[in-house]
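*Asks:* Put chain D on the given structure of chain Z with help from the hints.
The chain contents come next:
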Amino acid sequence: MSELSVNHLLGIKYLTKEDIQLIFETADHFKEVINRPIKKVPSLRDITIANIFFENSTRTKLSFELAQKRLSADVISFSAAQSSVKKGETLIDTVNNILSMKVDMVVMRHANPGAAYFLSQNVKASIINAGDGAHEHPTQALLDSFSIREKLGEVAGKKVVIVGDILHSRVALSNIFALQMQGAEVKVCGPKTLIPKHIESLGVKVESNLRKALEWCDAANMLRVQNERMDVNYFPSTREYAQQYGLDKTLLDSINKEIVIMHPGPINRGVEITSDVADSQQSVILDQVENGVAIRMAVIYLLASKIK
Amino acid sequence: MSQKILLTSKEVTIILHRLACQLIEKHLDFSDTVLIGLQPRGIYLANRIKSILEKEYQVQNIQLGFLDITFFRDDFRRGETLEANKTKIDFIVEDKKVVFIDDVLFTGRSINAALTAIQSFGRPSEVELLTLIDRRFSRHLPIQPDYRGRQVDTINNEKVKVCWQENEGEDAVYIITK
Chain Z
1 MSELSVNHLL GIKYLTKEDI QLIFETADHF KEVINRPIKK VPSLRDITIA
51 NIFFENSTRT KLSFELAQKR LSADVISFSA AQSSVKKGET LIDTVNNILS
101 MKVDMVVMRH ANPGAAYFLS QNVKASIINA GDGAHEHPTQ ALLDSFSIRE
151 KLGEVAGKKV VIVGDILHSR VALSNIFALQ MQGAEVKVCG PKTLIPKHIE
201 SLGVKVESNL RKALEWCDAA NMLRVQNERM DVNYFPSTRE YAQQYGLDKT
251 LLDSINKEIV IMHPGPINRG VEITSDVADS QQSVILDQVE NGVAIRMAVI
301 YLLASKIK
Chain D
1 MSQKILLTSK EVTIILHRLA CQLIEKHLDF SDTVLIGLQP RGIYLANRIK
51 SILEKEYQVQ NIQLGFLDIT FFRDDFRRGE TLEANKTKID FIVEDKKVVF
101 IDDVLFTGRS INAALTAIQS FGRPSEVELL TLIDRRFSRH LPIQPDYRGR
151 QVDTINNEKV KVCWQENEGE DAVYIITK
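Going down the list, the protein sequences come from chains Z and D. Following the working numbering, the numbering of the first sequence begins with 1 at its first residue and continues without gaps. Following the working numbering, the numbering of the second sequence begins with 1 at its first residue and continues without gaps.
By construction, these hints were calculated from the structure, which means they are not laboratory data. Quick caveat, the model's predicted, so the values are computed rather than measured. Take every hint as true, because none was put in to throw you off.
Chain D residues, not near chain Z, derived (Cβ > 10 Å throughout):
hint, residue
1, L16
2, G108
3, W164
Pairs of lysine-lysine, DSSO-like flavour, derived with a Cα cap of 30 Å:
hint, chain 1, residue 1, chain 2, residue 2
4, Z, K31, D, K86
5, Z, K102, Z, K39
6, Z, K39, D, K97
7, Z, K308, Z, K61
8, D, K86, Z, K40
9, D, K88, Z, K39
10, Z, K13, Z, K308
11, Z, K159, Z, K197
12, D, K88, Z, K40
13, D, K159, Z, K308
14, Z, K69, D, K86
15, D, K50, Z, K39
16, Z, K31, Z, K308
17, Z, K31, D, K97
18, Z, K17, D, K88
19, D, K88, D, K50
20, Z, K31, D, K50
21, D, K159, Z, K306
22, D, K97, Z, K40
23, D, K86, Z, K151
24, D, K86, Z, K308
25, Z, K308, D, K178
26, D, K88, Z, K306
27, Z, K306, Z, K17
28, D, K86, D, K159
29, D, K86, Z, K306
30, D, K88, Z, K69
31, Z, K306, D, K178
Only some residues are given here: those of chain D computed to face chain Z with a beta carbon under 7 Å:
hint, residue
32, F71
33, F76
34, R77
35, A84
36, F121
Glycine is no exception: its CB is placed at the ideal position from the N, C-alpha and C atoms.
Isolated chain Z (complex conformation):
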């Protein structure tokens, strides 16, 4: 028998190494399913899932919706901008109203850290965290590790550098937890103003020079500068950021070894990464998107199997 040890996916920190293994093995099978002529399996035809996004998203929202539909679940999507939240309805009320329509699972993205955890304690449904503020984004970290495993064979023993706005990034934190749990070594690289002060307490080293970081690593995860979370100026200009911490083809070619280039999207072409790098052989950016659907199918399937 193979089951997850959790009833919700709130963050990587609540998972075990065996959970991650199980999710990857299940995602391998779903990756084959989404390459068939008919890309559907009937497993979740008696399950209804609500996607509640209080923050903007293209990739994550579409990816979750597609995953759910491929599993034959009924899907309802709700975005805060067009809802009664504007009229002052509380989070619990919003969700309970939706649950009264017999919804079994909720996928939520919210601006406040801990929102998904709060929900899991207060409503009767299986909760998946699609991003809570600058805290965690577990499915992103899972698909990132899955992509590394696909390209390099395994994650254990590999060296991964996360580059950019670490301070505001839930992708960075979830990735740090996931990579370390699987035995990878993690470094972060970025302007000092965007590296959290005590990050080394997570067992992560800081490298301030991008070239050195790239020469060290097997895979580089380039993060987007999170302008929408910046209340002050963390660096003088985008151009200076790009010069010091942006990845272009010249730098990549001068590194003399093949590293895997990743980016969770959306890409600011010319800032974190140039077009010729994003579209190069070493980039797995589009594979990450395909893997995202397979990983989300696996997570939803495994959590649904625990709903009796």
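*Replies:* Using the frame of chain Z, we list chain D on its own:
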């Protein structure tokens, strides 16, 4: 728990040859036919049948695939969740004659799932079932084999275990009473 032998290695070999001949009688050169082994345990039988067809009877270019039906099962969330196995169908199924190959036919629910699952790959012109062991009077659905190795009468607390040289070190079929 007790175990009694149903088929010895010699009997299994004879049956496999007979099944292979029956397939050739119906499908001739297999140009319009594909074999699909059902995961997890039908794949050993499918590999053996293919091997006999190729080596003993010189049938060329047999297309063999493996189909996992875990996500098409009708008992999801009603019991243990099983781990899936690999599906590998590298050819077109559209308009072909499909022969499902499984080791034991019991309730028929796996075959029902397989009939739905194969439609994800195309519309076969016809579907047949080859099974080594047919547990008589145990069906939950109206499903019967087209090619059967041995028919047995068993009761609910009995399990039929098919052992293969590659896996368990011998070709044999046992009935195990729990």
